[in-house]
Amino acid sequence: MTGIDDLPPLRETLAEHGLLANKAFGQHFLLDLNITRKIARLAEVGDGDLVIEVGPGPGGLTRALLETGARVIAVEKDVRFEPLLQELAAVADGRLSLVLGDALEVDEAALSAGAPAAIVSNLPYNVGTPLLIKWLTGPYTPVSQTLMFQKEVAERIVAAPGSDAYGRLAVIAQACAEARLVMDVPARAFTPPPKVASAVVRLVPRADRPEPVLLGALQKITQAAFGQRRKMLRSSLKPLGGEALCVAAGLAADARAETIDIPGFLALAQAWLDQR
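For what it's worth, the numbering used here labels the leading residue of the sequence shown as 1, then goes sequentially.
Think of the hints as simulated: they come from the structure by calculation, not from any bench.
Check before you lean on any hint, since a few could be wrong.
[Said to hold, decoys possible] Result set (DSSO-like, lysine-lysine): computed pairs, CA atoms no more than 30 Å apart in a straight line:
(1) 231 - 220
(2) 151 - 238
(3) 195 - 238
(4) 195 - 77
(5) 195 - 134
(6) 38 - 151
(7) 151 - 134
(8) 134 - 220
(9) 151 - 231
(10) 195 - 151
(11) 77 - 151
(12) 151 - 220
(13) 195 - 38
(14) 77 - 38
(15) 134 - 238
Predicted, not measured: the structure shown is a model, and the values here were computed from it.
Between the sequences and the hints, there should be enough to build the whole structure, so can you do that?
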């Protein structure tokens with residue numbers, strides 16, 4: 001009986017099907033088994049766990065996830081990869097299902113039939129940030145997210161107040177989840193190699209994750225504050241209440257957005273809600 005270990009190497013499979021990465025989809029194939037297996041370990045998934053993988057492409061990370069015993073729902077927009085992924089599904093003992101579609105539009109709760117699921121993905125570069133925001137702030141909360149981004153984006157997700165990388169993405173991500181950069185991945189690990197290095201971030205939902213109304217206010221506050229990040233809060237937040245809003249939140253009106261920590265931004269969001 002044929003199993004995953006009996007499949008030919010991915011490079012051979014890609015060559016056989018005449019497939020190349022599509023720049024329009026931000027594709028860079030991860031074919032190094034050592035790296036894909038390490039990502040699967042970092043995701044902390046195993047026998048019977050449900051995983052949603054976005055952008056599996058030829059299935060390198062998918063193979064590693066299946067090796068753990070997990071069940072995988074793979075969401076792929078590029079129909080060219082359907083034959084490769086169906087070949088993998090055929091030897092996966094019913095643990096791989098393929099959904100052809102745009103992950104930005106997919107209803108993850110419907111995909112998982114309400115079951116808890118982890119999201120593990122080598123995200124396409126051009127949609128990585130919008131997908132992260134969707135999974136952090138939308139109606140579906142995965143049990144964890146283990147995601148690869150361009151390293152610059154990964155550093156922005158985990159950045160601390162006062163650092164150059166600290167901004168709106170860090171505030172939203174860290175208000176909703178414990179976020180850690182867990183692995184660096186050099187450009188040479190990919191086919192074709194991107195022009196930048198990559199990194200894997202692991203996010204686990206916080207027990208005190210803001211309620212949807214407060215989260216919506218936080219998005220509005222951070223958009224204004226970091227939209228003019230060099231200005232003092234009294235100026236950048238003027239349309240939302242300016243100095244009075246800062247006073248209500250217990251913050252100095254002459255502070256700048258990059259110096260305000262997550263509790264400070266949550267206080268601003270709550271103060272804005274209270275004044276409405």
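Original post:
Keeping to a limit of 30 Å between CA atoms, is the pair of residue 195 and residue 134 held or broken?
Top reply: holds, 26 Å
Original post:
Regarding the pair residue 151 and residue 231, is the alpha-carbon distance no greater than 30 Å?
Top reply: This hinted pair holds, its Cα atoms lying about 27 Å apart.
**OP:** Sort out whether residue 220 lies within 30 Å of residue 151, counting only the CA atoms.
**Re:** Satisfied, since the Cα-Cα distance of roughly 26 Å is no more than 30 Å.
**OP:** Assess, step by step, whether the Cα of residue 77 is no farther than 30 Å from the Cα of residue 38, and give holds or violated.
**Re:** Judged against 30 Å, a Cα distance of about 25 Å means the pair holds.
**OP:** Below or equal to 30 Å on CA atoms is what counts here, so check residue 77 against residue 151.
**Re:** Cα-Cα ~24 Å, so holds.
**OP:** Quickly compare the C-alpha distance for residue 195 and residue 77 to 30 Å and report which way the hint goes.
**Re:** holds, 23 Å
Subject >> Distance restraint between residue 38 and residue 151, which requires alpha-carbon spacing of 30 Å or less >> reply: holds, 17 Å
Original post:
Within 30 Å, alpha carbon to alpha carbon, are residue 151 and residue 134?
Top reply: holds, 20 Å
Subject >> Given hint residue 38 paired with residue 195 - CA-CA distance at most 30 Å >> reply: With a Cα-Cα distance of about 23 Å, the restraint between residue 195 and residue 38 holds, given a limit of 30 Å.
Subject >> Pair hint residue 134 and residue 238, alpha-carbon separation not exceeding 30 Å >> reply: holds, 28 Å
**OP:** Please work out if residue 231 and residue 220 have their alpha carbons no farther apart than 30 Å.
**Re:** Holds: residue 231 and residue 220 sit about 17 Å apart, inside 30 Å.
Subject >> Straight-line alpha-carbon gap residue 151 to residue 238, limit 30 Å >> reply: violated, 34 Å
Checked against the numbered hints above, the structure violates hints 2 and 3; every other hint is satisfied.
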